[in-house]
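> Now for the letters of each chain:
Number of protein chains: 2
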Amino acid sequence: MLNFNQEKYLQVTRGAVALRSEIEEIVEKVSQQEYKNIFLLGSGGAVATFYPFEYMIKSTSSIPVYAEIAAEFVVMNNQQFNEKSLVILSSLSGTTEETVAAAKYCKEKGATTIGITGEYHKPLADTVDYPIVNYAENDFAGDSNQLILSFLIFNLMHKKGDFPKYEAFAEQLEALPELLLGVKEEADSKACEFAETYKDEPYHILVGAGNTMGRAYSYAMCVLEEMQWIKTKSIHAAEFFHGTLEIVEEDTSMILLKGEDETRPLMERVERFAEKYTKKLTVFDTQDYELKGIVPEFRKYLSPIVTSTVLQRVSVHLEEKRNHSLETRRYYRKVAY
Amino acid sequence: MLNFNQEKYLQVTRGAVALRSEIEEIVEKVSQQEYKNIFLLGSGGAVATFYPFEYMIKSTSSIPVYAEIAAEFVVMNNQQFNEKSLVILSSLSGTTEETVAAAKYCKEKGATTIGITGEYHKPLADTVDYPIVNYAENDFAGDSNQLILSFLIFNLMHKKGDFPKYEAFAEQLEALPELLLGVKEEADSKACEFAETYKDEPYHILVGAGNTMGRAYSYAMCVLEEMQWIKTKSIHAAEFFHGTLEIVEEDTSMILLKGEDETRPLMERVERFAEKYTKKLTVFDTQDYELKGIVPEFRKYLSPIVTSTVLQRVSVHLEEKRNHSLETRRYYRKVAY
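From first to last, the protein sequence lines stand for chains P and S.
Note that the UniProt record's numbering has the first sequence beginning at 1, numbered continuously upward.
Note that the UniProt record's numbering has the second sequence beginning at 1, numbered continuously upward.
Pulled out of the complex, with its shape left as it was, chain P reads as follows (with noise of 0.2 Å):
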């Protein structure tokens, strides 16, 4: 595949899943302390990773959950939180201003943390009471997030009694390298038909729903405009109808992210306005994916990271067709603001 070391990926996300037995050692410690909320915190592709798992929570435990805007966070003053509170935080660097400051104020505050990130002896990692570390290069960190927080959060919510197949479904999560690795190899040629076709599009809308919407978002923001400085605009499946629809012509682009929750058939409203009122439209589904042995039931859990993983392809096809690299920035660490 163009652009892509699979030793490393394969490296980064064994290394994710590795760390599965440490995982379930702090979630056991911080269960023990009996925790009324748990707060996710992140900035920019942090928080937007953390969505799915906010949607996930929601619809699947009793666990009050609440991801929030780091940089809003800590002047809100939430009432939701304190020292009761659990907090995961997440930023690859260990350094992003926002997510350590947020980390700062709630150790605090006396609530219990735990840090997601790349590296020890940064400042996340030195702040919170738990890091979760695995080296991850850019490209590949957002895998490697998304399965340490599958078996962290699924094994915080199996803990409260709220999803109590944890055991088979953390069993399935280590396949998933291989499977991840599968899909990308799939996708691949329709990531690059999309990059040629779409090569030159200076706008696209991108749509998701339930644990896709905060793909889209991310996507949208992280990946089209700060790393190919395209416009976007991301939206809700339900919220397109109250809108966003009006701007739909033959020639709008539209991408839309299928995953297999609760909220397809949000998806597949999208899908049949968008076969009838524009010719660019582009449809992500995960389950064009057999992700061999995986259980059914538990696909829905998958599709954010499944969708991500195709994704990146998209991104390095846009990167070669556009001859635009996914690293050059405008501002990003280029001057002071």
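Check before you lean on any hint, since a few could be wrong.
As the list claims (entries may be wrong) - No more than 30 Å apart at the CA atoms, straight line, and that leaves these computed lysine-lysine pairs for DSBU-like: (1) K160(P) with K107(S); (2) K36(P) with K165(S); (3) K159(P) with K109(S); (4) K231(P) with K280(P); (5) K122(S) with K334(S); (6) K199(P) with K279(S); (7) K160(S) with K160(P).
Hints listed in this document are in silico derivations from the structure and should not be mistaken for laboratory results.
Could you slot chain S onto chain P? The hints should help.
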């Protein structure tokens, strides 16, 4: 003022204010039932109107609160929701399909339901336990809803012991019809100038934070996209720096909605950036309006309604300068989907 019926505006907003004692009676009754959390359910503009109130509850009160998209809520099997939940729904026409479906779903589950709507004898009013009805035409419905919600939400928090200054605040709300009229008059020339300058602009980035984020989301989607067919991106001020900033060039229009809550510094950071990198910056700042008689500590709670009343003037001028009626639709209520 262009296309503005002052008499009707005062009638609608005074109608909302006149509901105060009726709202307080409802709050009295539902508070006796000891609800354990609040769900704010709506679609499009209605859920967007809830977002600022969700923020204000989170930062003021210990009542857990969840603003959810109605169509997603009814399929997601939300585990925080049960017969101990208090649900607030809103639909001006009282016929919005997803909202009525959500009201029925909540009733079946035994939750307590309050519906804010424009007419009795319509599905929403007929379904909920407590209808709150104020007739309003589309262009003034936003202000009406926000006034009703201000009495409702702050009185709910007061009854939980979290907003002891409710009486003083409610008295100030009663002065808002005239004060908001004054804001419109003050804002009108700026709104007209904006419309003239940007009438041919094909794309805007709208930025909000805290209790103005919902206004940025809905003005982008429900007015610029739906009513004017102009492409937009709405983004939180803190999130802006995690991707969207990279598409800013000197001719990229940015619209900042500055309010007066704790997140104002996040907006100021975006403003400093925008001042440097685009020549097309517009700032709508609630601080520009005196709101004579409003106590400083209450001003922040009024940022959303002040912002939306200003933006209504922008809409009227855009309609004229662009010769594009706010009523014209390509799809909504014109085709089946």
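> Now tell me, hint by hint, if it's right for this structure.
Consistency of the hints with the structure:
1. K160(P) with K107(S): Answer holds: K160(P) to K107(S) is near 28 Å, not above 30 Å.
2. K36(P) with K165(S): Holds, because 29 Å separates the two Cα atoms, which is no more than 30 Å.
3. K159(P) with K109(S): Holds, at roughly 27 Å.
4. K231(P) with K280(P): 16 Å, holds
5. K122(S) with K334(S): 22 Å, holds
6. K199(P) with K279(S): 28 Å, holds
7. K160(S) with K160(P): Holds, because 28 Å separates the two Cα atoms, which is no more than 30 Å.
Checked against the numbered hints given earlier, this structure breaks none of them.
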